[in-house]
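Enquirer: Make one complex out of these two single chains by using the hints.
Chains A and B, in that order, are what the protein sequence lines are. Per UniProt numbering, the first sequence starts with residue 1, numbered consecutively. Per UniProt numbering, the second sequence starts with residue 1, numbered consecutively.
The hints are simulated quantities; they were obtained by calculation from the structure and are not laboratory data. Treat the hints with care, since some could be wrong.
[To be verified] Which chain B residues face chain A? A few, computed with CB under 10 Å, are given here:
| hint | residue |
| --- | --- |
| 1 | Ala179 |
| 2 | Ile305 |
| 3 | Ser310 |
| 4 | Gly311 |
| 5 | Gly312 |
| 6 | Gly315 |
| 7 | Ala355 |
| 8 | Gln377 |
| 9 | Gly396 |
None of these values were measured; they are calculated from a predicted model. We treat Cβ as the ideally placed atom computed from N, Cα and C, and that holds for glycine.
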Amino acid sequence: MAVLKKKITNRIRILRALVVVLLAIYALNLFSMQILRKQLFTSEAERISLQSTRIPAPRGEIYDRTGRVVLAGNIEAYSVYITPSELPATKRESVILLLSKLLNISAEDIESKLPTGRLTSYGRVAVAKNASLSAISEIAAHIDEFPGVSWTSQPLRDYADLRSLSNTIGYVGSITRDEYKLFYNKGYTLEDLTGKAGIELIYEDLLKGKDGWIAKAVDVHGKDISRNKARIEAPEPGKRLILSIDSNIQKIAEDALGKRQGSVVVLKPATGEILAMATYPYYDSRVFMSDNAGQEYLKLLNDPQKPMLNRAYQSSYPPASTFKTVLSTAILEEGFISPDKTIYCSGEINYGGRSWSCWIKKPGHGAVDLKNALAQSCDIYYWTVGRDYIGVENIVSYAQDYGYGKLTGIDLPGENPGLLPTPTWKEEKYNDSWTPGDTMNLSIGQGYMLASPLQVANMMAMIVNGGVIYKPHVLKEIRDPGTGALINEVQPEVLQKSSISEKTFETMRSLLRGVIVYGTARAPISTKAVQIAGKTGTGEIGLKDRWHSWFASFGPYDAPAKDQIVVVTMIEASNPWEWWGPYAANVIYQAIYAGQDAKTAAATVGVKLDGIAVGGRRE
Amino acid sequence: MNLQSLRRLFGNIDYYLLIATILLCAIGIAAIYSSGVDAEGRLVSNEYVKQLVWFVIGFFLLAGAALFDFSRFKDTSWIFFAIAIALLVLTRVAGRVVNGARAWIGIGGFGIQPAEFAKIATVLMLGRYLDSAEYDSSFKKLVMTGLILSLPLMLILIQPDFGSALVFFPAALIMLTLADVDFRYILFGVISILGIFLFLSLPLYAANHYSQDNILNVIIAKTDILVLIFVIILFIAVIAGVGWLKFKKRYYYWLSYAFAILAFSIAGAFAAHKLLKPYQIERLLVFIDPSIDPRGSGWNILQSITAIGSGGFWGKGYLQGSHSHARYIPQQSTDFIFSIIAEEFGFFGCLVLFALYAIIFIRCFVLIETSKDRFSQYIVGGILGIFAFHFMINVGMAMGIMPVTGIPLYFISYGGSAMWSSLISIGILTGISARRYSA
Chain A
1 MAVLKKKITN RIRILRALVV VLLAIYALNL FSMQILRKQL FTSEAERISL QSTRIPAPRG
61 EIYDRTGRVV LAGNIEAYSV YITPSELPAT KRESVILLLS KLLNISAEDI ESKLPTGRLT
121 SYGRVAVAKN ASLSAISEIA AHIDEFPGVS WTSQPLRDYA DLRSLSNTIG YVGSITRDEY
181 KLFYNKGYTL EDLTGKAGIE LIYEDLLKGK DGWIAKAVDV HGKDISRNKA RIEAPEPGKR
241 LILSIDSNIQ KIAEDALGKR QGSVVVLKPA TGEILAMATY PYYDSRVFMS DNAGQEYLKL
301 LNDPQKPMLN RAYQSSYPPA STFKTVLSTA ILEEGFISPD KTIYCSGEIN YGGRSWSCWI
361 KKPGHGAVDL KNALAQSCDI YYWTVGRDYI GVENIVSYAQ DYGYGKLTGI DLPGENPGLL
421 PTPTWKEEKY NDSWTPGDTM NLSIGQGYML ASPLQVANMM AMIVNGGVIY KPHVLKEIRD
481 PGTGALINEV QPEVLQKSSI SEKTFETMRS LLRGVIVYGT ARAPISTKAV QIAGKTGTGE
541 IGLKDRWHSW FASFGPYDAP AKDQIVVVTM IEASNPWEWW GPYAANVIYQ AIYAGQDAKT
601 AAATVGVKLD GIAVGGRRE
Chain B
1 MNLQSLRRLF GNIDYYLLIA TILLCAIGIA AIYSSGVDAE GRLVSNEYVK QLVWFVIGFF
61 LLAGAALFDF SRFKDTSWIF FAIAIALLVL TRVAGRVVNG ARAWIGIGGF GIQPAEFAKI
121 ATVLMLGRYL DSAEYDSSFK KLVMTGLILS LPLMLILIQP DFGSALVFFP AALIMLTLAD
181 VDFRYILFGV ISILGIFLFL SLPLYAANHY SQDNILNVII AKTDILVLIF VIILFIAVIA
241 GVGWLKFKKR YYYWLSYAFA ILAFSIAGAF AAHKLLKPYQ IERLLVFIDP SIDPRGSGWN
301 ILQSITAIGS GGFWGKGYLQ GSHSHARYIP QQSTDFIFSI IAEEFGFFGC LVLFALYAII
361 FIRCFVLIET SKDRFSQYIV GGILGIFAFH FMINVGMAMG IMPVTGIPLY FISYGGSAMW
421 SSLISIGILT GISARRYSA
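Extracted from the complex, chain B is given alone in its bound form (with noise of 0.2 Å):
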């Protein structure tokens, strides 16, 4: 690289992207000193430090990043998720157990989570996958595609890390849309997805709610019945698409493509309730239904909405959230760093957040209607799927509309896992606007 590209190269850099970026970070380590403050006003913790020089190790990362030119070696995509799916294969052996998932690797004090580096390989990878297979069929780009993101999520899902796991799907699926899969596809895996989730926990939540033998679980309980209840609807789907190859009849095809996805979503439940082990359900049953565990996820959601809602307009200003420094909310400087921003900031200061954050979104778009390549394209509508879902699922979760799951918001939420995997997306991001006017 010469010193001419290079100058051009900077020249070309998405100075809105990076300007938002550094603004969220800095945000994040301010609402993290903030965290810190006990209601005495005394400071109880230095993570605003390790936050801040995690950001400047992780600029420098993204600089990195930026620099690497990924369209023009996109055949080195696969390095990058081999090692990460070592990574997560280690961590299975020889990880930390913290939080009561194995979800964490490292030396002594140092360690990093594999799963949030895994995510970035992933979309690499799958990026690389769909640009070879332009011209594959719908079907063919489908199963590729789950193939793909089964080996990162089934190690994830075992750690286990449900939260991590889910943010694969909204990459892939924003990835697949560009890819011009067939929507009635992408619907079927979106369709059966959430089958799957339904009927593994289904089951669980009505004997939570009602007693251990009401008719559903007397049911399930019988591995015969649902045997035979697969069977029938999946000769409903077969019979059904007989018919529409014979008929040619619109009706028949929507027939068997509904009960397909129920015959999928069952067997797929099915195949997850005897690979998962019973804790693990119920923690995805908590997942989905909070108000099972009043005193565990569902209080933090009450005291996260409480200290939100008390923000009012202006905030109470800074460093004087009284609700949030009464530490009544656990994880406040990573999970709930929302609640304490909303409190603090009020409604003015979210929005600023949100116009932040909607900077980012709308760059990652102008990018892929501008990029010079359908790699870059891929990459660039993954990495927007993370982020989008990430600060979907947080915000959603401080604001009590959306299930807890301990996944961090981007650039705000303390942790050097997650800052530098976000720190190094943009940098993705940047290198790729930096060079999508040249040859």
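So that you can see chain A by itself, here it is in the shape it has in the complex (with noise of 0.2 Å):
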């Protein structure tokens, strides 16, 4: 038997009294509300119920630069709800019918947003976002055909004629599931939208402002019958987001680029603002707002084209003879080989087993120095000298100090870093050891070497801010909804700084410019509006007669640095071969300097822009 202390014993009795009393306070209690109060309760059950209604705040407004033109507003739109508990299964397939009619959206569609089984709560569910006004008339007017059919008014996405842009904005969405998860706690609801891309993504918190309520006690056939007034909080709209980009410049950037797959990005170096981002092809956020949405989203999905990417950050290319840049940046800044000191050009040359042509042929050049090298894009000088002279170590401690290999960190989701190949990463890759070849490759910008337009850019903007990068960005202010009063301005931030002098960026600068004057972007950039510097880039990518066509380029020349505007287009080698590259650049800045759109601006220079006739590789 147990031996049990006395005090043991003790402290038993004491739990056990607290456990009658425990049952004893609850017998009471029940008690107290079953019998003695039961009459309350049982007229309460039948009378009153709670409702609550949400007041949807207002998605903050998105304008670009100059504050005047809206890119991203709302529009007061209907939504269409159905109550699963308050709809009958004998009426459910004849209001489903009715409502797909009258909504334009097939029955199976809302079946689906129905919840199947169980039906666990009184809640909502929203089965058209955007009704129109004479379709909720005719809903309220036969309110009896549609048991459990409710619908508000609510603010809606509603986005301008974006063009590419939708590309950067982004668009919205009905909240996943998992989304809904993460974001319970920040007060969101089943019925909230939430940005799923782009600008509308990134500063999701910063647009989304907070939802209000009304709440008013109702009887079972949802009367009113609140004694005092329904309890309110009013919504806050979301904050105003006032974007670096400029409508006019980014109209001429997409007018310029056309109909060909690549991009085009117009920044500002001395702050890191991007005027304009242009990328084909592209969606139309609209889509997203209407009623078939998901359709439309696998459809952009599966398009081979991919028309979802925004390709000016999100995609990578060899930089080809861009690149070439870097390898003059070093030349000059630690003298591995005099800039006077000529390479003979013959058009080809044989290394390793294998002949390496350069892309002028047979003759080739010539003697070539630095000056005339970078101008006329002689592969055989940068093979050389990259291979003998600087070595890879060197050429990778350059493109570094470019941004090469690294996010740039722009306020966009998705970046793709590109791809700076080092000899450590090709043995951890390949496990294979780095070739003299690949350092030649490396050299001219191809080979492993990846970069996105926006990195490109970048490399431009140190140049013309003499050894500073500053974070690409696209938001630029966040404003008061109501007042427009600014809240916070974006500030330029440093993403890059080089110790390489000054004055080596001022002799860059000027072999840069000679690319335009004496060298491969004589004929294409024929603007009198501006002088600018630039670098032209054929991209190989084993096709035999279509190359990507870069141009990276910056101007007015001579302007001081805040003055000044980068662009960099890039023309992928699926278009047909135009060298659309300078070309589009000569437009742009045309169109830019001269005060002209697109279309007046090519005709002022002389071309078409739906399309030249080049004949063959001309760099």
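Expert: This is how it looks when you write it as structure tokens:
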């Protein structure tokens, strides 16, 4: 038998007494509720229920840098809901059919939104978010035929015709189950929209705002029986965002790019502000606001041309000859070879048991020094100096100075960091050692090397700024949604600072000017509106008669850095060969500095926007 | 185990306990069936079938637990504890998020809530320790108990599941009471924990009910002032402690005691504030004061109370609970199962339910007084603590006199893990009771 100390026995008594008291209190409380106050609760149960209605907060508006062009605003739209528990099974089919006709959505779509199986709450399900007023009037007039159907008017995202800005601004969509779990504590409901891409996604917290509520007591028929006034909590609209995008330049860039797969970046090197970011093909943010957004999304997702990509920062390509800028900087800074020393280009050299031909083929460029090699984009010069004078470690080091192989940290989601290959990287990735041939490929921006157009733009920015790259950004200001008062202004943030001397950059600027004056870009850059400097690039991707066409540039040449802009154009090899990179840039500069639209500008400089014929490789 | 001992085992089974358990589970399944019927009388849920299946499987688990002689193999307790901890860690890493908490682990549609089983495993582990520590000081017992509890407690708190985490305290409290720990220590622990909750929630409560810059929040926002207050309180506690040692006056002892609790609570609250994420503290606040969330939990309580009160003496009759069937109450089959029973079976039905629970509680007390070893006493005490706490919180919540925590009413609420862990607990009790007369 158990031996319990007297003390413990006493304690057990106390515990037992506690449990008995607990049961007694609960029983008494039940007695009070169920016997003494039964009437009160019975009438309450028959009468009352509390209903709270959400007043959705309007999402923050998005403007271009002028603060005058609305890129994303809101319109009042009608959402139609079904409360499944109020929809009798016998009428379910007919109601869904009627709704599908009125709202122009397929019956299957409506059916798929309704929960199957157990109906755990009196919640309602949104079946349409963008119903017309006439549809709502029709429902209201015949409400008897629509049991369980209700509607609200709520602000809906309204995008301007954004064209390729869609890929920067993004779009909103219904909150997903996973997002809901994540955002639950931020007060999101299942009826909410959240940013899914671009600015809408990155600045969700600023744009969202805070929903308001009206709480009122209703009887079983839904009649308002509040004794006092309904409790109202006013919604707080989301913040107004001013982007750094200049609608005018954006349009010029898009028109200059035209229907060519590729992208254009225009940025302000002195601050890192993106003035324009054109990409093609693009999607239309507005399709995500229609009621069959799901199908549209799938269509876009499965499109082999990948219109959801923003090619300016989400794609990377071999930077090709634009990369010769990096080697030129290295030569000027450290004198790996005297800039005046010439190397003879016969159009072809043999190395490692294979023949390497310069883009110009035989008889080649002849004897070229640095200045001419960059202007003429001589491959043989850079192969030789890269392999024999500079070496891969130094090339990599200078490329890192320019920000290659790293994220630029732009305030947009899904950035592509590109790839800066190194001997260690190759060892790890391919378990193979770095060869001098790899160095030669890297020297002309080919081989494993990959960079996004935005990274190439940053390289030009560093040259303009004389050693600093400011973090590229699209957001310029945060403003109060009501008064428009400035809340926060995005300040330039140094992304990359180089110890390369100002003198080197100064020489680089003049060498890049040479590319236009007496080099490869002499013919295509014909604008008289502004003097520019830049570098062409023609990327080999294994096709015989098509190449990636790059043009990385800045201007006005010799203006103070704060007045200059950087323009990078990148036309993919998938397009018919037109060498369009420099031509597009030519049109863009002409239009911006002559105050013309792209079409007039093209006419002024004598090209057709919809295509020109260029025979073979010109760089 | 030979045939004779098996026969003796069956002869000594506590049939009161078993019959009460089976009746409670039957009531539960009936209530779950009822909760699956909508206002128009259609059955829209098959939860009751699942519950029935879980009950049948759970009964085998009960039998298994009864056949395993825990007190003879008490040295294996740590294995169960280790498995429970491993499952909790696994849940943290690979668990599924349901209702905002990462508390589930499983494959496909099948899953368990390890926290439910961790309760039993922790009781076993703690029982084993207290059994081996008969001659340790009260202080050491308290510290060791704290250490053993802290591991599962922390893992469950980060899920986050405050309700389940709380259950450990009454279990440990009863076990410590049985282990002859000085009441002053127990009191110290209880008040400190309440203090931590108080200091953690007070500033939030103030911010919610008054303006953001009320005096309390202003003070709390300044860490150096907080540290100063803490140092002063600690200083008083130490000075009073020294005074007590020197003058042996009771007055000094209790002064030191009170201020030590205060210092401990403030430090604990500060640490918890740093460790917990803001949203976790917010949930804690809703737990303490449901009225700040009138559309959420507050609404549920109002509906639950209305359903219970409208039941009357005899109830509205099975499947006739109009308020419950109108689905005003979410989690009708789990958290708020009591309200549907109270609405349909009335005061009379509730008294029957209470009586069945009372039988289980009383059998636990009888077992504590008659079981043959201390280890068994501790285990029974711990299980009693878990059962009584679940009952108190869940029924109290449905009646609106306890805060809303999602902890189930054992045997009744829909849910496989709770069903199994409660039936395993009953199995352990049955086993202990059947063996109490054997040598």
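Enquirer: Enumerate the violated hints, using their earlier numbering and listing them in ascending order.
Expert: Every hint satisfied by this model.
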